[in-house]
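Chemist: Listed below, chain by chain, are the residues.
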Amino acid sequence: AQSVTQLGSHVSVSEGALVLLRCNYSSSVPPYLFWYVQYPNQGLQLLLKYTSAATLVKGINGFEAEFKKSETSFHLTKPSAHMSDAAEYFCAVSVPGNQFYFGTGTSLTVIP
Amino acid sequence: KAGVTQTPRYLIKTRGQQVTLSCSPISGHRSVSWYQQTPGQGLQFLFEYFSETQRNKGNFPGRFSGRQFSNSRSEMNVSTLELGDSALYLCASSSQTGRDEQFFGPGTRLTVL
Chain A
1 AQSVTQLGSH VSVSEGALVL LRCNYSSSVP PYLFWYVQYP NQGLQLLLKY
51 TSAATLVKGI NGFEAEFKKS ETSFHLTKPS AHMSDAAEYF CAVSVPGNQF
101 YFGTGTSLTV IP
Chain B
1001 KAGVTQTPRY LIKTRGQQVT LSCSPISGHR SVSWYQQTPG QGLQFLFEYF
1051 SETQRNKGNF PGRFSGRQFS NSRSEMNVST LELGDSALYL CASSSQTGRD
1101 EQFFGPGTRL TVL
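As you go down the protein sequences, you meet chains A and B in turn.
With our numbering, letter number 104 in the first sequence gets 104, and the count goes up by one each step, no holes.
All you need for our numbering is the position in the second sequence, starting with 1, plus 1000.
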């Protein structure tokens, strides 16, 4: 079975500080992993994806994530938080011939 | 390319009524998935359609149904609405089943009174 666990439903960081959003996955086959961002009253927008190529994946808006098979993790990071990064972030896993499984989301607050 | 569109954006219904939501995927995409998003439950998968066939289904009661047309547009129907059906309903399209990233529409906000 496939699943995603996002540790921390709420994360607060100061503007300019490191952003670290945690995601652990469970998958019986090599996974494809995704991070999405959702701004208020909008749909989800893809930040980045891992598809079994490079383990360090760079996405939009300065975000990146590292796939660590040994830790079954795919944490999202950004070196310096910006006020515009305040949003809900979702980690997701997909496997061949199956649907996406989303985590419960992490709400990021950026403190000026 | 135009993105995923969903209509209507907002709906208010009363208990017992039924509702139909519409989703137009990105041109060329054949897979359409539906999700229910609520503050307490997060994103819950409803079902996925690929080339007019339901390929995957989540754990929702039979009151929730869907279909996909030959042009890949999809509709979702909820019958006998309950208060707990109030949610943001998101549609996502992708070019294949499962592996490709999903592109989301803005959602339909359903309020059941």
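Read the hints as simulated data drawn from the structure, not as lab findings.
Every value quoted in this text rests on a predicted model; they were computed, and no experiment measured them.
Among the clues, some could well be false.
If you want the footprint, here are the derived chain A segments under chain B, 3+ residues with CB under 8 Å [what the hints assert, rightly or not]: (1) 67-79; (2) 82-96; (3) 99-106.
Think of the CB as a built atom: it goes at the ideal place given N, C-alpha and C, for glycine as much as any other residue.
Chemist: Run every hint past the structure and note whether it holds.
Modeler: Each hint, compared with the structure:
1. Counting residues of the stretch 67-79 of chain A whose beta carbon lies closer than 8 Å to any beta carbon of chain B gives 0, which falls short of the minimum of three for the stated coverage.
2. Check result for the stretch 82-96 of chain A against chain B: holds, 4 residues qualifying (beta carbon to beta carbon below 8 Å, three or more required).
3. Check result for the stretch 99-106 of chain A against chain B: holds, 7 residues qualifying (beta carbon to beta carbon below 8 Å, three or more required).
Checked against the numbered hints above, the structure breaks only hint 1 and satisfies the rest.
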